[in-house]
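**Student:** Sequence:
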Amino acid sequence: MSKLSCFIVEDDAQALEYAATLLKSNSSITVLGHTAYTNEAIKQIQQLAPDIVILDVFLEDGTAFDVLEAFETIPFKIIFTTSYSKYAIEAFKYSAVDFLLKPYRLEQLSEAITRARQQYDNENYRKQLETLQYNFLEKAEDKKLILKSSEAIFIVRIQDIIYAKSDNNYTTFYLLNGDTILVSGALKSYQAKLPSHRFFRVHQSYLIQLAYITVFKKRTDELILNASHTIPVAQSKKQELLRHIEALSS
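One point on numbering: in my numbering, the residue at position 215 of the sequence shown is 216, and numbering is uninterrupted.
Simulated from the structure, these hints should not be mistaken for laboratory data. Glycine included, each C-beta is placed from N, C-alpha and C at the ideal position. Be a bit skeptical, because a hint or two may be false.
Here are the computed lysine-lysine pairs in the DSSO-like style, where the Cα-Cα straight-line distance is at most 30 Å [stated by the list, open to error]:
(1) Lys-94 to Lys-166
(2) Lys-189 to Lys-103
(3) Lys-219 to Lys-87
Between beta-carbon pairs, the in silico distance windows are [to be verified]:
(4) Asp-12 to Ile-246: 21 to 31 Å
(5) Ala-71 to Thr-115: 39 to 49 Å
(6) Ala-187 to Ser-111: 21 to 31 Å
(7) Glu-131 to Ala-187: 23 to 33 Å
(8) Ser-86 to Thr-115: 20 to 30 Å
(9) Arg-116 to Ala-50: 37 to 47 Å
(10) Leu-243 to Ser-26: 47 to 57 Å
(11) His-198 to Ser-26: 53 to 63 Å
(12) Arg-220 to Glu-70: 15 to 25 Å
(13) Glu-223 to Pro-104: 46 to 56 Å
(14) Arg-220 to Asn-125: 43 to 53 Å
(15) Lys-44 to Ser-111: 47 to 57 Å
(16) Lys-25 to Ile-225: 55 to 65 Å
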């Protein structure tokens, strides 16, 4: 296996020392250098051309996106790192971009390096990075979600999702504009990415956006979403759904 070169962009001295120590224990990695500043990071990455950049999201004089915007294409693999922040973690999940949560363990870093060895489709990865930047900068209600089908990558505003329907290992998203998007992956995996205060699993096969409930038919245990979609409600979910509906009006 060929040796990889790495550059670290990190403004926390303790986190930098920790990352460097972990990387030194990996014989397949050579650390070319490090910095805490965006302009220096751009200069060093351009000069050294590392295979991998370990990139902290929030830096001494800016963000990771200030670094990435300097590159028309991304010729290196990126391992993002961030300290605990529900807001930051959601932004990564929505954007389908991998990251390490600090403090991470050696095995987690090794797994990230292994994933980084895989070749990204540059056009699709650029879309994911742009969506990640958008999700960090925009208000919570304006977040976007990356959906990958066999033929395309879709960037969907979370507020435009009416509901998602499961079909074994596939999930279909139904959008406000009438479009549907079929993607590979169980409904549970997408439920984990979407905000729980906005989405609710009313049935084994259905995940709905609560804001689009227009009618709940108690006799038949059915919801009407956006005045046009009829969704069954599992008996086991009925009482919790009613609590959500009460919360919508409070």
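**Student:** With reference to the structure, classify each hint as holding or not holding.
**Tutor:** Structure-based check of each hint:
no.	hint	result
1	Lys-94 to Lys-166	20 Å, holds
2	Lys-189 to Lys-103	26 Å, holds
3	Lys-219 to Lys-87	35 Å, violated
4	Asp-12 to Ile-246: 21 to 31 Å	46 Å, violated
5	Ala-71 to Thr-115: 39 to 49 Å	27 Å, violated
6	Ala-187 to Ser-111: 21 to 31 Å	27 Å, holds
7	Glu-131 to Ala-187: 23 to 33 Å	27 Å, holds
8	Ser-86 to Thr-115: 20 to 30 Å	25 Å, holds
9	Arg-116 to Ala-50: 37 to 47 Å	20 Å, violated
10	Leu-243 to Ser-26: 47 to 57 Å	54 Å, holds
11	His-198 to Ser-26: 53 to 63 Å	41 Å, violated
12	Arg-220 to Glu-70: 15 to 25 Å	56 Å, violated
13	Glu-223 to Pro-104: 46 to 56 Å	48 Å, holds
14	Arg-220 to Asn-125: 43 to 53 Å	47 Å, holds
15	Lys-44 to Ser-111: 47 to 57 Å	29 Å, violated
16	Lys-25 to Ile-225: 55 to 65 Å	60 Å, holds
The structure does not agree with the numbered hints 3, 4, 5, 9, 11, 12 and 15 stated previously, though it agrees with the rest.
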